[in-house]
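*Asks:* Between the sequences and the hints, there should be enough to build the whole structure, so can you do that?
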Amino acid sequence: MPLLQIRDLSVHYGAIQALHGVSVDVHEGEIVTLIGANGAGKSTTLRAISGLVKPSGGQILFDGRPLHGLPPHEIVRLGIAQAPEGRGIFSNLTVDENLEIGAYIRKDKDGIARDRTRALELFPRLAERLQQRAGTLSGGEQQMLAIARALLARPRLMLLDEPSLGLAPRIVQTIFAIIREINATGTTILLVEQNAHMALRAANRGYVIEVGRVVLSDDAKALADSDEVRRAYLGGH
Amino acid sequence: MTRLLQTLMDGVAVGSLYALIALGYTMVYGILKFINFAHGDVFMLGAWVSFTLAATLGFAGGAPPWFAAPLVLLGSMALCGLLGFTVERLAYRPLRNAPRINVLITAIGVSLFIENTGQLEPIGWLAERGLAFPFGTRPQRMPALLPDATLFEVVGVQVKLVDVLVIGIAFALMGLLQWLVFGTKLGRAMRAVSHDPKTAALMGIDVDRVISFTFVVGSVLAAAAGFLAAEKYPSLNQPAHSTWILLGLKAFVAAVVGGIGNVRGAMAGGLLIGMVELFGAAYLSPQLRDVYVFSLLIVVLLVKPEGLLGKATVEKV
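Sequences listed follow chains G and Y, in order.
No gaps in the numbering here: position 191 of the first sequence is 191 in this note's numbering, and each next residue is one more.
Take any residue in the second sequence, note its place counting from 1, add 237, and you have its number in this note's numbering.
It cannot be assumed that every hint is accurate.
[Claimed, not checked] Derived lysine-lysine pairs resembling PhoX-like cross-links, with alpha carbons at most 20 Å apart:
{"id": "1", "chain 1": "Y", "residue 1": "K422", "chain 2": "G", "residue 2": "K109"}
{"id": "2", "chain 1": "Y", "residue 1": "K397", "chain 2": "Y", "residue 2": "K469"}
{"id": "3", "chain 1": "Y", "residue 1": "K422", "chain 2": "G", "residue 2": "K54"}
{"id": "4", "chain 1": "Y", "residue 1": "K548", "chain 2": "Y", "residue 2": "K270"}
{"id": "5", "chain 1": "G", "residue 1": "K107", "chain 2": "Y", "residue 2": "K469"}
{"id": "6", "chain 1": "Y", "residue 1": "K435", "chain 2": "Y", "residue 2": "K270"}
{"id": "7", "chain 1": "Y", "residue 1": "K422", "chain 2": "Y", "residue 2": "K435"}
Note that these hints are calculated values from the structure, not bench results.
From a predicted model like this one, the values you see are computed outputs, not experimental measurements.
*Replies:* What follows is the structure, encoded as C-alpha cells:
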C-alpha cells in the first residue's frame, strides 16, 4: 500500500476549478515529483494534502487513513511536513527559533536536539547564523532553513514546494543533493518543481500535471527521456 | 523639585496603566491585524467587576482583610479573561475569513454592547442575593482595599502604598508578559502566528487556540489595569461614560505611538503617554491634558508613522 494515495482529487477556488481528478501515489522511501507549468495545480495538490485548501472531491489517504476534514495542524502530527512555496520563513524570528517552531509538535527533547544537530550538519551555513533574524538570510539560505525546519518535525513524508525557485544554479545543485541525502536516510519526499530537469534527476518517479490533470506518469528516467517531456519542459529539441 | 518628583511618580503610575491596556490592543493587532475597539471596555469592566466583587464579598467599609485586594484583583482578571475568550469566540472567530473592515465594525458593535448592557439595572433575583449585576447607571465609589499608607517621604513627596503597588504590579505583569512572548514555546508560536498564520499551521500550531489565548492574556492585563486604576482613582463613572472611552482611546494611542503590533513598543508608548499627559497637566494647563496626548499622536504619525519601536512595512494594495 502506498504511503500517500491521492484519488481523483478535485479542488475549486470559488468558481474556478484548479484540479480535475488528480491521482498520485507515493510509496514509502521514494522521491516523487510533480512537474508542470506555472499554474498547473502542483502547489494546490500540496496545499490540499496539508489541509490548507478543502478538496471538493476525491480522497487523500496517508498510511491508509483519510485526511479529509483534518485541519493543517493535525495533519502535521500524522507525519506530513511541508516546506511551502515562497519558503514561509518567519522572518521576525531568529534562525534557531524557526528551527524550534519546526519541532513544535514534538516533546522528545533528546530527539529534537539530535535532529537539530543533523539538520545543521546538512546545512552548515545555517549553523553560522543561528542567532540571526531569519529575514536577513539570502534566498538560498531561507530555502535551506525551510527544509531544515520541515526536517525537525521528523516527518515520514516531506512536501517540498518549488525549492529551486529564484535560486542560482549552484545553490539549486546543493539543495537537491541535500534532498537526496534526506531521502536516503528514510524520509519519503513529494517534490513539486518547475525545474523539471533537476526534479527528474533527483526523483524515482514523476507525474506531469497540465491545467489540473495528470497527463503523464512514469519512472523519472523514462519521463526525462520521453519526447513529450523534453519538448515541453526540458527545452530539448 | 517636589512637584517634579510627584509628577514623575504619577506619570509612571498612570503610564504603566496605559501600558497594560495598550498591550492588549497591540497583541491582538499583531496577530489578527485589526483594532479591537472593544478592548478599552474590558478595562472598564475590570474596574467595575472589581467594585462588584468587593461589594459582594463585603469588603466595602471598615478595614478589609489583607487578602481582599489580591482576591478581587485575581477574580476580576479571571472573569475578564473569560469575557475576552467569549467575545473572540462568538464575535470575531466567525469572521476569520471576512474582510478586516467587517471585523472592525463588529468590534465597535461589541464595544457598544458591553457599555450599554453594563448600564442596565441590576437583575432582581441577583440583587436580592447581594450581587449588583449589571452595574446600573449610577457612579460608584470603589472601596479602598489597600491601606491608605504613606510608605516614606522624599523631599516633600509622599510615596503612597497604592502608587508603589500600581507601578509594582504593572511592571511585574509586563515582565511576565515579556517572558511569555519571548521566552516560552507558546510565545514563539504567538510570534509565528502573527507573522504568517498559514505557515504557522503547517508547523503544527493550532492557530485558533493561539488567538484565543492572545485575547485572554490581553483581557487579563486590561482587567488588572482596571482594578489598579479603581484603587488609585476610586470614583467609578457608569460603564458607558465618556471617561472610560477616553481612557481606552489614550491606551490605544499609546499602542500606536509605541508601534502597533510591538509588545515592547506598547509598554514604552504607555509610559510616554502617561508622562506627557501628567507633565503637561502639571506644568502647562490641566484642562488640556488630553490635548497633549493626541498632539503627541499627531507628531508621531507625521514623523515616524510606524511608531517609536515599530518597523516600517509597506502596505500591500
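*Asks:* Next pair to validate is K435 (chain Y) with K270 (chain Y); report whether the Cα-Cα distance is within 20 Å.
*Replies:* Judged against 20 Å, a Cα distance of about 14 Å means the pair holds.
*Asks:* Quickly compare the C-alpha distance for K422 (chain Y) and K54 (chain G) to 20 Å and report which way the hint goes.
*Replies:* 29 Å, violated
*Asks:* Going straight from one Cα to the other, do K422 (chain Y) and K109 (chain G) come out at no more than 20 Å?
*Replies:* Holds: K422 (chain Y) and K109 (chain G) sit about 13 Å apart, inside 20 Å.
*Asks:* K397 (chain Y) and K469 (chain Y): Cα distance at most 20 Å?
*Replies:* 10 Å, holds
*Asks:* Given the hint that K422 (chain Y) pairs with K435 (chain Y), does the C-alpha gap stay at or below 20 Å?
*Replies:* Since the Cα atoms of K422 (chain Y) and K435 (chain Y) sit roughly 18 Å apart, the hinted pair holds (cutoff 20 Å).
*Asks:* Within 20 Å, alpha carbon to alpha carbon, are K548 (chain Y) and K270 (chain Y)?
*Replies:* Holds. K548 (chain Y) to K270 (chain Y) sits at ~15 Å (cutoff 20 Å).
*Asks:* Need the status of pair K107 (chain G), K469 (chain Y): alpha-carbon distance at most 20 Å?
*Replies:* 45 Å, violated
The structure shown violates the earlier hints numbered 3, 5.
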